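> Residue-level listing of the chains:
Protein chains: 2
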Amino acid sequence: MNADATPSAVLIALDWGTSSLRAYRMGADGVVLDTRHLPWGIMRLPGPPTDGPMPTTAAAGFELAFDQACGDWLRAQPGLPVIACGMVGSAQGWAQAPYLELPADPRDIGSRLATVDTHRGATLHIIPGLLQRQGLANVMRGEETQVVGIMGSAAVEGMAGGRAAAEDEADAADDLLVGLPGTHCKWVRVRGGRIVEFDTFMTGEVYAALRGHTILGRTMEDPAAPDDAAFQRGLEVAGSALGRGGVLSTIFSTRAMGLTGQLSAQAQPDYLSGLLIGHEVGALRALLDARGMPSRIVLCGDEDLCRRYASALPHFGLAAPTLAGQAAERGLWRLAVSAGLVRRP
Amino acid sequence: MNADATPSAVLIALDWGTSSLRAYRMGADGVVLDTRHLPWGIMRLPGPPTDGPMPTTAAAGFELAFDQACGDWLRAQPGLPVIACGMVGSAQGWAQAPYLELPADPRDIGSRLATVDTHRGATLHIIPGLLQRQGLANVMRGEETQVVGIMGSAAVEGMAGGRAAAEDEADAADDLLVGLPGTHCKWVRVRGGRIVEFDTFMTGEVYAALRGHTILGRTMEDPAAPDDAAFQRGLEVAGSALGRGGVLSTIFSTRAMGLTGQLSAQAQPDYLSGLLIGHEVGALRALLDARGMPSRIVLCGDEDLCRRYASALPHFGLAAPTLAGQAAERGLWRLAVSAGLVRRP
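Each protein sequence line maps, in turn, to chains A and B. Residue numbers for the first sequence follow our numbering, so the first one is 1 and each next one is one higher. Residue numbers for the second sequence follow our numbering, so the first one is 1001 and each next one is one higher.
Just to be clear, a hint being listed does not mean it is correct.
[To be verified] Okay, the calculated bits of chain A under chain B, using three or more residues with CB under 8 Å as the criterion: (1) 63-76; (2) 240-247; (3) 257-264; (4) 276-283; (5) 286-297.
FYI, nobody ran anything at the bench for these hints, they're computed from the structure. Values in this document were obtained by computation on a predicted structure and should not be read as measured data. C-beta: ideal position from N, C-alpha, C; glycine also.
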């Protein structure tokens, strides 16, 4: 691409979700040269209020956000390829990138990008989400890119990258479980370099709804620092015979133990967090017992949340996880390579 | 008490909860002569906005609601005893009626009423809630009165009622599970005429929070009539191997199945209801497997909700329940008798 003396970019990559937009300006080999974090998630776009039924109005919001995210980068280097993952490709997004069905090979994902011709002339390539039809229907959008970022690169780039056959074989033999804690926690199984199965737990969003919109929030106060003992207490309840009544039942103990003086107002938020994450990981354990254990577990997400899940997994007899960072930007890069938008030098 | 020719009352009974207030004017033998339903729950009392820190302001709200509920009844028959159950006896209520610990005999409950001297001279007697310390702490306020209303009267009124010894023995041998579906569904075990154990499931409130304050509500539309097939589908998922991931996981299928065209927008509310009630009753089944089955199950509450639970119980291998009505007013009457506020003629 461009070959000036200053570090020049070869790709713009966007992680564009419901509530925020992260933009990366990437150089050769996927090195991140610049990062921007904007509040323009697809549910809160900038610009004049989009209260009309005109689709052009909604598109204008996307155009505005896009321009703020990377307009100057594109003006400096016209023709840079742009790739995006996340809810921007949903029915409520800018353009729909149809779901790809499991099992999914990263090379397939990279070959199925949707495109939008933006007002300023750039073409936005949108990564499809994944759809699981076996069992209960399940969907993801954005997380597939994080998972690709975590997977061994051989699975993505195939032989093109010139990696040793031994590395390819190691990837092919790997049986990996990727945990992506957050609003909707995804647990994604990767076998032989393909995404084969996943589960969604609405733990983060349920926590927020319970805290903000049920009686449980009324007696809670924010602790000065995360209360690990209270979190642990919640985990233990969820994992013991006391947790047999399930999460709809145990959560009420947050209030009841407050009323009886057994749990302070400041301990209640982390106790509830421990209950929810405990029930989630307990159920995950039951699912893995039926499906077989992975050879390793990797967590990726908010640091404090990952710390909580990392302490929950061994509590339920699961392997201690390793932590992965920069999964979205690595996945965006790898899928751009796989799609032929950029070439490894 | 009064002995005019017109049917005269012997008791005023109030079922005073968080969101509403029901008032009953009762004649001899607990016959309900008049009923009023007011929106003055303890969290939304009438009168000038209670935005000051003065406790007298809050009390004024209770006085106003009380006067609207039964002021005229008391003016017509001064000196009528008044009994109340529910959140009016909580820390956020008019006066705190301390919790009574399990196991609880209705005669004990009737002997532990708290009192408030109202502005107009009447004394309000408030029924205590119940507290369970064994296992996870649990509390109820108001439901104990409904349970007493459902229990055999022998347990409440003892020998005073002049009932046959055989009836007393039948009550003493009874092993009853009372289900009270609603915002917080309580499952209350009654053995030998005493309340011995209970569980709380926040199913109703969680349903409302999920529908009103998570992504699940976004794709939902109200059905023209309850969609029993969708409800049944939710029950079946919760009770099958597909439900093994637990409620935090299965609820996401409401959205995912909507996105894949497997579940219409109008079917989603009842499908979610089936999932939640299914997970609740499945957990109840697990608890009963550990504790032993009751000899019978009684449901009391909103008609449509009871219908849903009645179809869920057999789905999880539990006995078909019988339905009970007027539980609160019967319980209020029986506890007033037990407390000596009224006498059976």
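> Can you name, in rising order, the numbers of the hints this structure does not satisfy?
The structure breaks only hint 1.
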